[in-house]
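If you follow the hints, you should be able to join the two separate chains into one complex; please do so.
Chains as they are written, first to last, in the numbering used here: chain A, 1 to 244; chain B, 1001 to 1536.
Hint data in this document are derived by calculation from the structure and do not stem from the laboratory.
Just so we're clear, the structure is a prediction, and the values are computed from it rather than from any experiment.
The reader is advised that the hints may include incorrect statements.
What the hints assert, rightly or not - Listed next, with one range per pair, are the computed distances between beta-carbon atoms:
1) Glu1120(B) to Pro222(A): 51 to 61 Å
2) Glu1064(B) to Glu186(A): 50 to 60 Å
3) Lys174(A) to Asp1303(B): 30 to 40 Å
4) Glu1032(B) to Glu83(A): 58 to 68 Å
5) Ala1519(B) to Glu49(A): 32 to 42 Å
6) Glu49(A) to Gln1382(B): 16 to 26 Å
7) Gln1382(B) to Asp67(A): 50 to 60 Å
As the list claims (entries may be wrong) - Beyond 10 Å from chain B on every Cβ pair, some chain A residues (computed):
8) Phe19
9) Gly46
10) Leu59
11) Asp67
12) Asp73
13) Asp112
14) Asn123
15) Gly145
Don't be surprised by glycine CBs; every beta carbon is placed ideally from N, CA and C.
So you can see what is in the structure, the chains are spelled out below.
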Amino acid sequence: MLIRPYGDTRDDGIIQFSFTLPMPYSIKAADVGKQFLEKLGFHTVGIAECKAIDPEYTLFVAYGRTDTGIDPDEVKGDYLEVEEMDYYAINGLIKEKLGRKLSVVGAAIESDAHTVGIDAIMNMKGFAGNYGLERYPEMDALNMGSQIPCAQLLRTALEREADAILVSQIVTQKNIHVQHLTQLIELLEAEGVRERFVLVVGGPRINNAFAKELGYDAGFGPRTTPLEVASFLAQEVVRRHEQA
Amino acid sequence: MNDALRLNGDLVDRARAAASAIADDIQQHIEEHTTDTTERATLRLLGIAGVNEIDVPLVNVVAEHARDLLPGGIMRPFVDLMIKTGTSAQEAAAGVAAGDLVLTEVPADRRAAAEARAVELAEEGVARIDAVRARRNELVAQTGEPLKPYVYVIVATGNIYEDAAQAQAAARAGADVIAVIRTTAQSLLDYVPFGETTEGFGGTYATQENFRLMRAALDEVGEELGRYIRLCNYASGLCMPEIATMGALERLDMMLNDSMYGIIFRNINMQRTFVDQYLSRLINARAGIIINTGEDNYLTTADAFEKGYTVVSSDFINEAFALRANLEPWQIGLGHAFEINPQTPDQVVYQIADAQLVRQLFPGYPLKYMPPTKYMPGDIFQGHIIDGMFNFTGIFTGQEIMLLGMLTEALHTPLLQDRYLSIKNAKYVFKSCRDLAGEVTYKPGGMIEQRANDQLLKATEQLEHVRDISLFKALEDGEFADVKRDPQGGRGFEGVFKITPDYFNPFFAALREGRMCGAPEGPAPGGAASATEGGH
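Just chain B, same shape as in the assembly (with noise of 0.2 Å):
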């Protein structure tokens, strides 16, 4: 049931269309652009890992050699070196890393060789890629689907082996979800760091092979209780899509993956960011990962009373650009949070109204619901008890991941109690509420009505007057979370290049053409009758 609340149904229409005329001028832009992480990103798609001798990564030592060639596109250079020299595309981009072989651009005698090789070779990245998906489909269906919402954890010690032993202690206290947190600035690495770590700042690397130690680990517990564990990353800096791509061949299955997030709060050029987040994007497609969307951000900044809208009109922003990257609506989890400040009288009423105007908003889509940080005490008892209401929220209205807030957020990254506790804090909140909404309704023209048709309302006149002056023109004048850029400024921008007329990158396509869909399906834990809890 979607229509708990009464919405004037003319400004979803209009809010919708308005995100929808952004995106569309958004996408030209990202059509006539690439960036070197694009680039590398296609390498790595056809299967090159690995480093030079001072650990630089061998897609940058080709991407860099290559940089003129870039704005034409990496892979007909690349493929025509493969053909010219016999080799794979590991030994190829060795072969250039050792300063044996030279890229050049393509005579037009071989361009069609190239081009036809290329095209296969696309295929064959994406096929790999589609056997991780269909592995994911076949363990969902092997070990069990956990109930909705999902309940979403994080770890965060720098070490991936000791992220792998509290991820599995958090799956058994009842996790579904566990994300390893980045180290500090990883974000604005313009390479991807190689290997196995066990050193990090507020956090892990993000690597390939951490990655494919923190999925085994949870596939191992994962059999152990019944339930698919789920692991998420962040496809967000300034290597945006090259991380999607060790997600999609690691098998994660969530990623941090927002439009506008590096943008806003890491400073990265945002004419990169758009460019990046749609190879991105349509990586995850592809792989069956659910993407993640970081409006809560906004939040910590800005008022959540106040500019709670803005979490809105970005939700339609971010579901415009998901669409178009070929997202079906079950892998986007659009962002939103639990931030008006606990001392504001019925400060629970309002985030009621805001989240179950999101719920309605974006029906199918398995929102990602933020728990409460801006404001959370030092008085930990006190800091639970807001974070129950927070599981209040979230499962009277029907949200699908719960990243639970922690009794310690003010203090220091989770102890190991602290995620058991929270988690049971959680469990109790979803069981004992879990068919309340069904129950109740809500008061004609109340309080909650009001104030979701006021926050509609708010966001429909901010898409328009953001679709007036441009996307760009927008977060120039700060309209998301009070922060301002300029869209020649910030990180990344020397690596976004114009497109020549013959740009040629066949991926694209490939990852387009033949979709697997839908969600994998398995078996509920104890044989519940439903796979959702509570919501209207």
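Bound conformation, chain A alone (with noise of 0.2 Å):
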């Protein structure tokens, strides 16, 4: 069934916006704004704010209707389902189908020196109430911390006999994240390793199906907690034992 975005009547299809258009103010400004937003496809605009935000700029803030509409049923991805279990069930898991600790590394790679990401999902304190992955008894888990160079990484996680290493990204400008997550996989694959590990990233311009196209096993994108990437692990380096 075809849905739009709802303002206070089903169907309304309205949609706030708010940008800025390298403009100066001036009377005409408001109906720059309108018909911009007329182009994209949109009906009974209304400007709601217009203003000069620098001799330069003007800022709008306006709403518009869409007749547009999407069907969710139809859209289709590559989304990584896992079971979320809670810490208990994680570390009775491990401990009864791994039968020793689950060895994980972390890193924010080459020059990436954001260490929020990996702190948020590896630290002892975690995030958002969840313990990160030093906290699992049944994990031995090491972050590394920030601008740590692939190879570096990869000595580390062969010296631990990891079984999964963990890479996030959280400097994205000019898609200087891609190439680091490839720099990393093409590493794996020329040292012969790349099956070892469940090889997981996260950032905030992360996805499963973006993760996958890179060559990892799976990605986690932002508002991800310490849990989801916790119970991914157990299940899929218990799995790979089993298949073993």
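This is the structure:
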């Protein structure tokens, strides 16, 4: 069934906008904003605010309606479907099925100096009320921090006989993250060890489909909790272990 | 009025005494060592600039060439070479880079002459910094001094020309301080890139030419607005004192310049960082630059509610190091942050307690208050309100440098309109709550007073513990930000040298002697009576 944005009546198709145009404010600015939205296919456009934020730039806040609809059932994608478990169930699964600690190494790689993502998932303290992987008694988790060269990450993963590698990429300007992520895959493949690890990437511009496209096993986007990552790791490592 | 909260004065004295002892212990280490970047900064202070044919800065070429001489200080051999060859500092450096000139130990009979000349050159170098500082004073007097709190925003496009345009737009919208975020990983470069740059990742290279371009853009817009617009960058990373030198010469007004940030968050060797922060701060002190410390970062890794006191401890330590590097209190922008989880009941009550505590502990210091980042949501509307509460806490507790939060903090580097909306948010809150703090008093023994004294007690206990085990050991144990560092590990350790008994560097004395005092003064915009808004 087609649905449209819901403003205050079903199917009214109301969307709010805010954007800046690189033009000085003038008496006709509101019409420029309005016609721009009409060109995008919106109708019944209302300019709520239109003012100079600088001599050279004008800010618009506007509303418009669309007749375009979408059917959610038609949207298909490569979504990571993980059965979310709780902390105790995860530890229990590892202990029972793997029979040893699950070893995981994580880092923000290459020039990325931001630890916020990897810390949220791995640090003892965790994030959003969830413990980080370091807290899991059945995991041997090492957070290497930021700016870790791919080669060093791999060396550490091999030394620790890691089951999984977690990579965080926060900085995405000019797609630098794609370059780094590709570099890691190429290194793993060149060394012939890609299949040894469950390879996971997380970051604000990452989703599962994109991660798979790059050659990773899974990708996690914003708002991911440690529990989601831990659930995936435990299930995937156990699955591979049972297959082997 | 600085007794809004009744704090335990004995604890304040104990905390300060412990921080002082901690800094004295490290200061001894500092005075027994030099680093490659300290020596390179010395060469920059002589006026050497430029790069060789493969873009390596001449100061790096010279320091590398004379690596064996660095423990005695680069100045004596370098000035001796200038005298022998009749060259200027720049010519001598170029000669060394070309392989035409060679630096050697200075024979005993040439030492006195080299040293006397070096002292003169150091005085000339420092005079160049003084002239820049005098120029700032003159410009502030002419164009006008903004009201406090300063509205501080960031630009980070990677392209210095784009940065300049965005900075001018931000100033027109109300910003008083523009910080140019550095490209990611510049802190780990062991050299300072040269020339203007238009490419960066998540920021723009700090180069002397970029400093100059941005300075010119801000002077231009400041004149238009009748407010002196301050420029901020980062004297941090592996080239801390070199960047301080460049900032001093290009009239930066603020520098992120923390005594421990690089150790904890960039894994730069701690022995090196302490040595480097000393010269960088002496330079900032001379140049009339306000330093900003980075305690806010602790709360992005450790929890702000539980570990808020580590910010207070670290502020005391940064204060102690800063005073030892000749900075005046008005130049010491100690950092703290609004990072308690917004889901916490009474979050703002606790934030007020923490912010008011720091305010009262460091009267006369231009505190740098950092906005929420860790828990900022993708829901920008909610984020805008959280930023509003940050602004409220800032004005209510009399913070002086407000780094504004952006509603899109969780999403991307700020769009032009984000910065504008954020400035509007802050200006509204500052104006509408300007006199609130003077109208209310804190409940004696209430939640705020209790939290503040509790944080003060924990900070004091931590400082005394750190004093007992030494700061090196405390950093090894992860006392700050839950990050553990090895005194022999981290980046740049190979560039730390124990100095020889006859180490010679006349800049240390020259930077201290006859320094100008006091902050620049100018007319308040719009004839406002008070130069400060808000706070008790």
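Q. If you check each hint against the structure, which ones fail?
A. 2, 7, 8, 10, 13, 14, 15
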